[in-house]
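Here is what each chain is made of, one letter per residue.
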Amino acid sequence: MFENIFRYRGSRYLWWSLGLVVVSVGLYASHNASNPPSGSSWQGYTLGTVGALLIVWLAWLGIRKRSYASNMGSVQGWTSAHIYLGTAVLIIASLHSALEFGWNVHTVAYVLMCLVIFSGFYGLHVYINYPHSLSDNRIGGSRQSLFAELYDLNTRGMTLVGNCSADLQRAISSSIERTGIGGGVIAQLLASDASLVTSEAGKPVSNKDQQYVIDQVAERIPKAEKAQEVIALEEMLSLLCRRQTILRRIRKDIQLEGWLRIWLYVHVPLTLALIVALVVHIIATFVYW
Amino acid sequence: MELLLREVQSSAGVGAFVDRELSADKITIGCANDQLLQLLGTDIRAEHATLTAAAGAVRLKTTGDHVEVNGERTKSATLGVSDTVKIGGHVLVVATAPAGFDAAIEFTPDPDVDPASFEHAFQTGLTDTWLSKRVPAWVLSVAVLVLGMLVPLALILDGDDDTPDPDANLFTDSYWTSGPLHAAHNVAIGDDCGACHQVPFQKVRDDACLACHAELEDHIPASHFAAANMPTERCAVCHVEHNEPSFLIVEADGLCLDCHADPSALANGPGHMKPVTGFDIENHPGFEVALLTPDAKPAGTGLTFSWGLREAVLDGARETSNLKFPHDLHLDPDSVQTVQEGRGMTCSDCHSLTADDEHFAPITMEAHCQDCHELTFDESAPQRQLPHGEPIEVIQVMEGHFARAFADPNRRAKERPRRRRPDRSSASECSGSAFACAMQRTETEVTNQFAVRGCITCHEVEQTGADDIYTRYQVYPIRLSRDFIPTAIFDHRSHLTQKDAQGDEACLTCHGAVTSDTSADLLIPGIQNCNQCHSDRNSADTVPLDCINCHQYHPMMAEPINYLERNL
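Chains A and B are the protein sequences, given in the same order. Just so we're aligned, residue 1 is where the first sequence starts under this note's numbering, counting upward by one. Just so we're aligned, residue 1001 is where the second sequence starts under this note's numbering, counting upward by one.
Hints are computed from structural coordinates only; laboratory data are not their basis. Please note that the accuracy of each hint is not assured.
Okay, derived cross-link-like pairs now, DSSO-like style, lysine-lysine, Cα gap no bigger than 30 Å in a straight line [said to hold, decoys possible]:
hint : chain 1 : residue 1 : chain 2 : residue 2
1    : B       : 1075      : B       : 1026
2    : B       : 1075      : B       : 1086
3    : A       : 252       : A       : 223
4    : A       : 203       : B       : 1133
5    : B       : 1086      : B       : 1061
6    : B       : 1133      : A       : 252
7    : B       : 1075      : A       : 208
8    : B       : 1086      : B       : 1026
9    : A       : 208       : A       : 223
10   : B       : 1324      : B       : 1274
11   : B       : 1061      : B       : 1075
12   : A       : 203       : B       : 1075
Not everything, but these chain A residues come out facing chain B in the computed CB check (under 10 Å) [claimed, not checked]:
hint : residue
13   : 39
14   : 42
15   : 136
16   : 139
17   : 142
18   : 144
19   : 147
20   : 152
21   : 155
22   : 283
Here are a few chain B residues that sit away from chain A, every Cβ distance over 12 Å (derived from the structure) [as the list claims (entries may be wrong)]:
hint : residue
23   : 1001
24   : 1055
25   : 1244
26   : 1352
27   : 1517
28   : 1542
Glycine residues also receive a C-beta, built at the ideal position from the N, C-alpha and C atoms.
With the sequences and hints as input, model every part of the structure.
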């Protein structure tokens, strides 16, 4: 997919953006001693106007490219334009600022713009790299199929547990009931596992990665006295191990999806703040012309 | 409570029951694993509802939606026998409790539910968390709008208090500044944006500048601007504020050359002004100098003098200071040595820079000449010197001196044998009265001083031919120019250190004093001399000069010649 984004129509937007940057650099270079570089030279006003229009257009593109029903161009096309022109606007706005910064609304707009663009770069990074890991982790399936299998394993586990001794019953059923998946923002992003199990002493202890309950069952197998018990325990062990694998995949899936989307919680609010800051910047400039 | 749960399992059209006994204070219902009754479905929350025993009935409480009791949506209800509760697609019907149970419920699971919806038991997406795009977007946008625009705007529109409160850092229009002020402006104006930006949406007007800079001379008198129909630029065209790093004056040749490259193009422009496009002999007019010119007018038996100024092209210009002074002779160590040290003279023996590093302190007879050029007039009295300045006084001093010499018997007796020279014999051998002899001796010496080798060595002296000794000679007054090019700036001190020359050598690289045998020579070098080291563009072997390195846009005086004349 990302090859389509970058090379959309022979990298059309790459060339547009490069052209725009070259023209902007030329415009900046045309400053001289009688007209030193600043946002208020005619070159500065031109670069500022182009930059502001690009920012508004890019923000609109961000909305537009999400509405799949649109007839106006393809999603890849809009995304390609969004990436290349978004990068170009970083250079254009920097030239407009003449790299003069201070504690003022103008720099606020610039900093917001940089945060939006760099969070966009991060978004691009994850969009390039994570979908592969995501589909590798699902092994051709989907998150729903992982959860369906987990539910199935849970149900079978709860049935099989009837064949086990009372203490194992408590351990296994509590491990199923108290399996933690996902959770808060941090838990999702770090794929942390807060699963618990009720110990022999009746207290909840950590069952991270289901290891506690697996160890409990595994320990019983050599101690089993009847062949039937061994078979039951081995069946249970294989079920718990399969469950462990599925849970790992589910957590990894949640984690990858989280990183794939978390940057939007920065990118989108900052974009709106940027547009407000841009309006403030322009008004402030002309009130105090 | 003790609950009997009968699950109706219908597979292949055959009904089957599975009974479970649930014993807990609170029967929990939801899609999470730890719920006593686990229900799946996209509409079911991890913890969706609870059942508690309440005086023979069952109390239902829900935390999620999609709960209906007897077909009506509800959040809580007290259930009686045969009441039907729907949670998502699952159906619970309250039945009569058998003995030993607080309640019994027949439960029919949603046949359409997909095990995949088990995901809803967990928070598996960022949208399930507290994270939001809308809230921070609003908070940030409103903060930027209020602090960045509304507060400063309110302060401007309020406008009563021009003095910003230093403590109210959060509420100030200083957020609008686009860069630091020049240090001087910062001290004088500080955060008072309105001092310069007087009218919103209008560029800074000259009035704002002139409120403080009222004394500053304009480039040319305002009447000239109007008469020549010349464009007047706003102060802020050349004086740009809020730069980083701070500077106030745009030092660009282009600003000058806009008009001076082709002055004739200006309607009614100054016709005499020559075009300037650079700094060399082709692109810059030759230097012009302001020359002091004496004007001697006959008055009675003598002359009256006045001084005027005229502009002249440097090439071929001659100075008329009325001083006779050959630089070459004075700089020749074989001819002239200093009295104290017996060395050859240097430039700085006479020329000392003033504090402005451009001009030199006036040269006076007393300070610079008299060490060598003593004003003795009577060899028999070598200590006696004539006063310098007033010719009549000079003659009167001589009269007094000789009257005493001739009238004093002791002095005459002592001196006569020692000091007698053939040419002076007539004086000492005067046979008339002492007064007559003194007058005769005075007359001889006056002629000597004014016409042979005294005053006339340095001064121009006019012989009027008068019988009266007081008016027989007229000494021309001397006036040395303080500044030949008063409209230009030149830093002599920085030029005292050059690549291969320092001190006198540095002076002499530009001023040809060693070969000048007359004080009429100006010794001011032309533009080619400057071009040896300077040019108007950056290059590795020259030091670049901008127009304002030598010229001032705001002249020190509106009209230099008039100024000089006033200060003659």
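How the hints compare with the structure:
no. : hint            : in the structure
1   : B:1075 - B:1026 : holds (17 Å)
2   : B:1075 - B:1086 : holds (12 Å)
3   : A:252 - A:223   : violated (35 Å)
4   : A:203 - B:1133  : violated (40 Å)
5   : B:1086 - B:1061 : holds (13 Å)
6   : B:1133 - A:252  : holds (24 Å)
7   : B:1075 - A:208  : violated (36 Å)
8   : B:1086 - B:1026 : holds (19 Å)
9   : A:208 - A:223   : holds (25 Å)
10  : B:1324 - B:1274 : violated (35 Å)
11  : B:1061 - B:1075 : holds (6 Å)
12  : A:203 - B:1075  : violated (34 Å)
13  : 39              : holds (7 Å)
14  : 42              : violated (13 Å)
15  : 136             : violated (19 Å)
16  : 139             : violated (16 Å)
17  : 142             : holds (8 Å)
18  : 144             : holds (3 Å)
19  : 147             : holds (4 Å)
20  : 152             : holds (6 Å)
21  : 155             : holds (8 Å)
22  : 283             : holds (6 Å)
23  : 1001            : holds (20 Å)
24  : 1055            : holds (30 Å)
25  : 1244            : violated (4 Å)
26  : 1352            : holds (36 Å)
27  : 1517            : holds (45 Å)
28  : 1542            : holds (17 Å)
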